Amino acid sequence: MQAPPSPCINVCRMDPHSGLCVGCQRTLDEIAAWGSASAERKTLILQEVDRRRRQAAHQEGQA
Amino acid sequence: MKLLPGMQVFERGWLSANNILFVDEEASTLIDTGYVTHAPQTQALLQHALGARGLDRIINTHLHSDHCGGNAQLQAQYAAHTSIPEAEAVAVRDWNDDALSYRATGQQCPRFRFDATLKGGDRLRLGGADWQVLVAPGHDPHALMFWCEREGLLISADALWEDGFGVVFPELEGQAAFADVRATLELIASLDARLAIPGHGAPFADVGAALQRAFSRLDYLAADPGRNARNGIKVLVKFRLLERRKASLAELEHWMREVPLLATSNRLHLQMEDAALAQWVALQLVKAGAARLEDGWLVDC
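Listed in order, the protein sequences are those of chains B and F. For the first sequence, position 58 (counting from the first letter as 1) is numbered 58 according to our numbering, and the numbering increases by one without interruption. For the second sequence, position 253 (counting from the first letter as 1) is numbered 253 according to our numbering, and the numbering increases by one without interruption.
Calculated directly from the structure, the hints in this document are not laboratory data. Every value quoted in this text rests on a predicted model; they were computed, and no experiment measured them. Zero decoy hints are in this set.
Straight line, CA to CA, 20 Å or less: simulated SDA-like cross-link-like pairs of lysine to any residue:
{"id": "1", "chain 1": "F", "residue 1": "Lys234", "chain 2": "B", "residue 2": "Ile9"}
{"id": "2", "chain 1": "F", "residue 1": "Lys238", "chain 2": "B", "residue 2": "Gly23"}
{"id": "3", "chain 1": "F", "residue 1": "Lys234", "chain 2": "F", "residue 2": "Phe178"}
{"id": "4", "chain 1": "F", "residue 1": "Lys2", "chain 2": "B", "residue 2": "Glu40"}
{"id": "5", "chain 1": "F", "residue 1": "Lys2", "chain 2": "B", "residue 2": "Ala3"}
{"id": "6", "chain 1": "F", "residue 1": "Lys234", "chain 2": "B", "residue 2": "Asn10"}
{"id": "7", "chain 1": "F", "residue 1": "Lys2", "chain 2": "B", "residue 2": "Ala37"}
{"id": "8", "chain 1": "F", "residue 1": "Lys238", "chain 2": "B", "residue 2": "Val11"}
{"id": "9", "chain 1": "F", "residue 1": "Lys246", "chain 2": "B", "residue 2": "Arg13"}
{"id": "10", "chain 1": "F", "residue 1": "Lys2", "chain 2": "B", "residue 2": "Pro4"}
{"id": "11", "chain 1": "F", "residue 1": "Lys246", "chain 2": "B", "residue 2": "Gly23"}
{"id": "12", "chain 1": "F", "residue 1": "Lys234", "chain 2": "F", "residue 2": "Arg292"}
{"id": "13", "chain 1": "F", "residue 1": "Lys2", "chain 2": "B", "residue 2": "Ala39"}
{"id": "14", "chain 1": "F", "residue 1": "Lys246", "chain 2": "B", "residue 2": "Asn10"}
Some residues of chain F that are not near chain B, with every Cβ distance over 12 Å (derived):
{"id": "15", "residue": "Glu25"}
{"id": "16", "residue": "Arg57"}
{"id": "17", "residue": "Gln77"}
{"id": "18", "residue": "Ala87"}
{"id": "19", "residue": "Asp219"}
{"id": "20", "residue": "Asp224"}
{"id": "21", "residue": "His254"}
{"id": "22", "residue": "Gln279"}
{"id": "23", "residue": "Glu294"}
Which residues of chain B face chain F? A few of them, derived with a C-beta cut under 8 Å, are:
{"id": "24", "residue": "Cys8"}
{"id": "25", "residue": "Asn10"}
{"id": "26", "residue": "Met14"}
{"id": "27", "residue": "Leu28"}
{"id": "28", "residue": "Trp34"}
Ideal placement from N, C-alpha and C gives every residue a C-beta, glycine not left out.
Same shape as in the complex, but just chain B (with noise of 0.2 Å):
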């Protein structure tokens, strides 16, 4: 399996609230654990950012 690229734009500022990178939407422990995850580590946590933005939006729609 290919390993995904990382999804560090270069924001690189935590959310004391979300306790989330701003940019990438990773945890710091998805950070730390990144440069040495399998590929499939990283498809696992890429969907777990690409829940958190969908749950994000759908909040945002909400309010």
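Got chain B sorted already, so can you dock chain F onto it with the hints?
Same frame as chain B, but now just chain F:
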């Protein structure tokens, strides 16, 4: 991917270079510290990994702003013992803006101190293994790499990435360096590296394939220094965009004129008129998908 016990790679982006953390019983060591504006993030990653422990040591592969921009904050926070390339000692001791790269590239890096220097042939103990310090001139005349022969691990910084290597900066201002890049790639080729940890991008195991691509790229750049100049100018402007997120075209043109390395590189290799150069760079970045134009603003993307 097999790293040493207690070793972690924080893969960052382009504004900050990757950080490599070693946590042993004796000491915790961070190799390279990212860009200044990301220092809080670098510290957060560090704290998350260290828990209640402090950071004992900082080591810099070279002193570009994306590799040592976190030094000042981490030194203030942890009083970390800091080692830098020996050839940079005087410049850092005196904080010589003309010898360091920050003013020349239009980048920021807060002043930091150092406690020791490293040179080719020196030995380090990290992650319970011996590492050799190798010199890696080319991208930067004073750059170092760290090589763990026992494990076949190479910390290659910007001398070799999975697809390419860092801009050959000395050539931008007319200092011969393509031969240095070649020698450094040949040095890497002579090692039996099973995993390379680059300054940007993911660690990679197929070092041979990366070297093939790198040698090709070098041949391409060396055949016409204008190519390296055009690439270097685009990279410097993109870096500015990463830092600022957007710039008006007027701002950009003004900034480009004031950045010594951009002005010199243009004068030596391209001889484009200032406005034309700014427009050309903006267009190139847009074409590459690295930026978009919105109402006279160049926006990072």
